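Colleague: The lines below spell out each chain.
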Amino acid sequence: MTKQIPRVEDIETYAQDIVDTVREPLLMLDITLRVRSANRAFYETFQVTAQETENQLIYELGNGQWDIPALRRLLQDIIGTSSVFNDFELEHTFPVIGRRVMLLNARKLRPGSHAELLVLAMEDVTQRRRAEEEVAKATKASETANKTKSLFLANMSHELRTPLNAILGYSEMLREQSVRRNLEEFGADIEKIHAAGKHLLALINDILDLSKIEAGKMELFLETFDVSGMIEEVASTIHPIVEKEGNTLHIERAPDLGVMHADQIKVRQALYNLLSNAAKFTHQGHITLQAGRELMDGSEWIVFRITDTGIGLSSEQIVKLFQAFTQADASTTRKFGGTGLGLALTRRFCQIMGGDVTVQSVPDEGSVFTIKLPAIVRETNLDAATAAVTALAALASAEDGNGDAKESSPSGNCVLVIDDDPTQRDLIQRFLTREGFHVRTASSGEEGLRLARQLRPIAITLDVMMPGMDGWSVLVALKAEMVLRDIPVIMLTMVDDPKRGFTLGATEYATKPVNHARLSQILRKYSCPTPPCPVLLVEDDPAARGAMRRILEKEGWNVTEAENGRVALECIERERPRVILLDLMMPEMDGFEFAARVRRRPEWRLIPIVVVTAHDLTAEERHRLNGYVETIIQKAGDSHEALLSQVRDLLNDCAPPRALPVPDAVELHLPAT
Amino acid sequence: MPKILLVEDNEMNRDMLSRRLADRGYLVVLAMDGQSGVDMTKSLAPDLVLMDMSLPVLDGWEATRRLKADAVTRSIPVIALTAHAMSSDREKALEAGCDDYDTKPVEMPRLMEKIEALLRKAGKEVPSPTETAL
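Keeping their order, the protein sequence lines are chains A and B. No gaps in the numbering here: position 566 of the first sequence is 566 in the working numbering, and each next residue is one more. No gaps in the numbering here: position 36 of the second sequence is 36 in the working numbering, and each next residue is one more.
It cannot be assumed that every hint is accurate.
[Claimed, not checked] Simulated restraints on C-beta separations: (1) A:N155 with B:M1: 56 to 62 Å; (2) A:N155 with B:E125: 43 to 49 Å; (3) A:Q454 with B:E91: 39 to 45 Å; (4) B:M1 with A:E232: 34 to 40 Å; (5) A:A188 with B:V29: 46 to 52 Å; (6) A:E300 with B:V29: 49 to 55 Å; (7) B:E91 with A:E446: 46 to 52 Å; (8) A:L295 with B:V29: 56 to 62 Å; (9) B:M1 with A:E300: 36 to 42 Å.
[Stated by the list, open to error] No more than 30 Å apart at the CA atoms, straight line, and that leaves these computed lysine-lysine pairs for DSS-like: (10) B:K92 with A:K198; (11) A:K147 with B:K114; (12) A:K212 with B:K104; (13) A:K147 with B:K104; (14) A:K192 with B:K104; (15) B:K92 with A:K192; (16) A:K244 with B:K104.
Calculated from the structure, these hints are not laboratory results. Model, not experiment: these values are computed from the prediction. Note that CB positions come from ideal geometry on N, CA and C, so glycine has one too.
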């Protein structure tokens, strides 16, 4: 039996059929970059014929319109090194079809019976990129619009109040006169003018307060005051309202209530709002105000609980309750009056003081509103704190009805803390909160990733050693996602002593082989004021070093190479680089020890380090790394101040523009992703 | 009849407040800017000054500082009238030497309480409510 040898023509037809089935345009090139063949998708996408394409040099296609230096260099690099390139993003004006964004992948085929060949695959991502740009533009526009709206309202409210005050004042005078001159028949009408004016003024004042909060201009006037005394004052003011509907007010004060340090006017207003709300929605029932002092998370809180036996709220109503301009039911406004802003304001007031309001309710049985406020409200960076509240508020109103509003608060100035240790989490959270950052925490890598997607924080602090998914895996996952990869990540791990910790300061991370687009995208964040700027490339593999050097030089950087951490340290002594690109696995001194040493020198601490490593760290490698980091930690620890200064500098240097609270400081380019 | 100097640049506010004070048995004199407020306090020696804070020529804070720096006028009580609940304005008013403050729009019963308290403290006469039928 003789074995049938397939004919070469058959094999070629077979191969061509497969290639033609692929939906991405493909070009087969020889090593002189002359087109051997193309697939059907190529002809269709670029609207050219086989005659115009085959046997042409790639840079001669379309009368030279395919002469793209960057592409040519990349292809030539592959021929030299027998390697591949992945996901090179190219924006170019092509013949016939015009300007397109193409994602290019190329590899050199394994040598066989055929001549040496390159395959270049192209994916048209123009639509996707345009859509992403549109989204980014729209997000920015809506943020700007929201801020403008708040400023407008703040100014407008002021303008509205002046004439309104005249209406109120004169109607009051008329009322006084009507009493004095016994013209009681006018009294009722004048009273209506006055009441309507007062309602309008309350509305304007609430709007002004809300827009002040949203514009980040709400100030806190902190003072120490007697809680019991304040409650008495509120009670006496609220009494007529309580009695109007035949209700009784019962006040219970804990014996250890004592004093609190807060904005008294805002605490009072919050209590007043909740009590008048309770009174409004309760008929011939009981309203109870309980006040106590509680110890939670190691600090003291003042808790006010307002219970009523009123009409209660459905769960749908509760969801909308704290949003501006949405009373539980639109008809409520007509039936019960009120601005619809009271609860929204109450919550914002509590939030800017570091507390919150919650509600529990059963329809037809009543509601319980609980205010929790720190016994000592700290003077924080209010602009930052209010920005966080603003972001929350904006989201809450945009979400409309999604009960999970708080869960999905957006960035504002949100920092995500991922750490499995509750003590550390709490410590970092309190520390950053005190500095005015809005902090969210995650207790595992998985949760961290989920929250990162949801919150898009302006920075992430990431614990290295966690059970399950550890810090390195989380970092890899973060940097693999388009929407997350530009968020600066601070790797840190802590020793037993909670006052001492250690940050690795890995602010960036890229996988090998490094693709050009990704690297230049990262480097764009560390803009060079007067090019060429020095960049230090720490990498033991000469080939990888060479490839990266070419990319860097093309981007206008002045490259210094070091083959391990020790040499790299010597290089920094000589010249301080603007950025360090760091391989992790190197002989003599590896990336982690190097990073640790750099971070230990105050004058070097702020040099951004871009960690460049293999895509998948094996479990064993990670274990080795963690162990290594642990030994470093025990040698030296950084204080929390160091961590904070890193967060601050990161945010100043490279936060995406949306993250910066001060508009003047915004850099106006968005990352190209 | 106790004499009150009202320093206020807004015409309607001036008109309303002066008439309501007059209704309550006070003699009201008016100044429209901070500088004339200071000058008139010196020349007319009122029993109390109601001082708006945002005033032309010389603002209310500076006018108060000058009154409190002058031995002749130092003992005359000054009540600052500030815009709605601006805590920084309140702070600044007290720092400038104001004896009390109230927010605009004024609520007459509350303002009257403050005026009467300061007058009593200074040992001045306070018009009785029966006199004014209010």
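Colleague: Hint by hint, note whether the structure agrees.
Modeller: Each hint tested on the structure:
Our hint of 56 to 62 Å for N155 (chain A) and M1 (chain B) is violated, since their Cβ atoms are close to 42 Å apart. Range check, N155 (chain A) to E125 (chain B): about 44 Å between beta-carbon atoms, so the 43 to 49 Å window is met. Between Q454 (chain A) and E91 (chain B) the Cβ separation comes to about 41 Å, which falls inside the hinted range of 39 to 45 Å. Under the hint 34 to 40 Å, the C-beta atoms of M1 (chain B) and E232 (chain A), about 37 Å apart, fit the expected range.
For A188 (chain A) and V29 (chain B), the hinted distance range of 46 to 52 Å is not satisfied, since their beta carbons lie about 36 Å from each other. A hinted range of 49 to 55 Å for the beta carbons of E300 (chain A) and V29 (chain B) is consistent with their spacing of about 52 Å. Restraint check, E91 (chain B) to E446 (chain A): a C-beta distance of roughly 49 Å satisfies the suggested window 46 to 52 Å. Checking the proposed 56 to 62 Å range against L295 (chain A) and V29 (chain B) shows it holds: the Cβ atoms sit about 58 Å from each other.
The supplied range of 36 to 42 Å is broken by M1 (chain B) and E300 (chain A), whose beta-carbon atoms lie about 53 Å from each other. Simply put, K92 (chain B) and K198 (chain A) have alpha-carbon atoms about 28 Å apart, close enough for the 30 Å limit, and the pair holds. Distance restraint check for K147 (chain A) and K114 (chain B): the Cα-Cα separation of roughly 39 Å exceeds the 30 Å cut-off, and the hinted pair is therefore not satisfied. Note on K212 (chain A) and K104 (chain B): the hinted pairing holds, with a Cα-Cα distance of about 19 Å set against a maximum of 30 Å.
With a CA separation close to 27 Å, the supplied pair K147 (chain A) and K104 (chain B) stays within the 30 Å bound. Proposed proximity of K192 (chain A) and K104 (chain B) is supported: the alpha carbons are some 21 Å apart, at most 30 Å. About 37 Å separates the Cα atoms of K92 (chain B) and K192 (chain A), which puts this hinted pair outside 30 Å; it is violated. Distance check on the hinted pair: K244 (chain A) and K104 (chain B) sit about 28 Å apart at the alpha-carbon level, within 30 Å; holds.
Checked against the numbered hints above, the structure violates hints 1, 5, 9, 11, 15; every other hint is satisfied.
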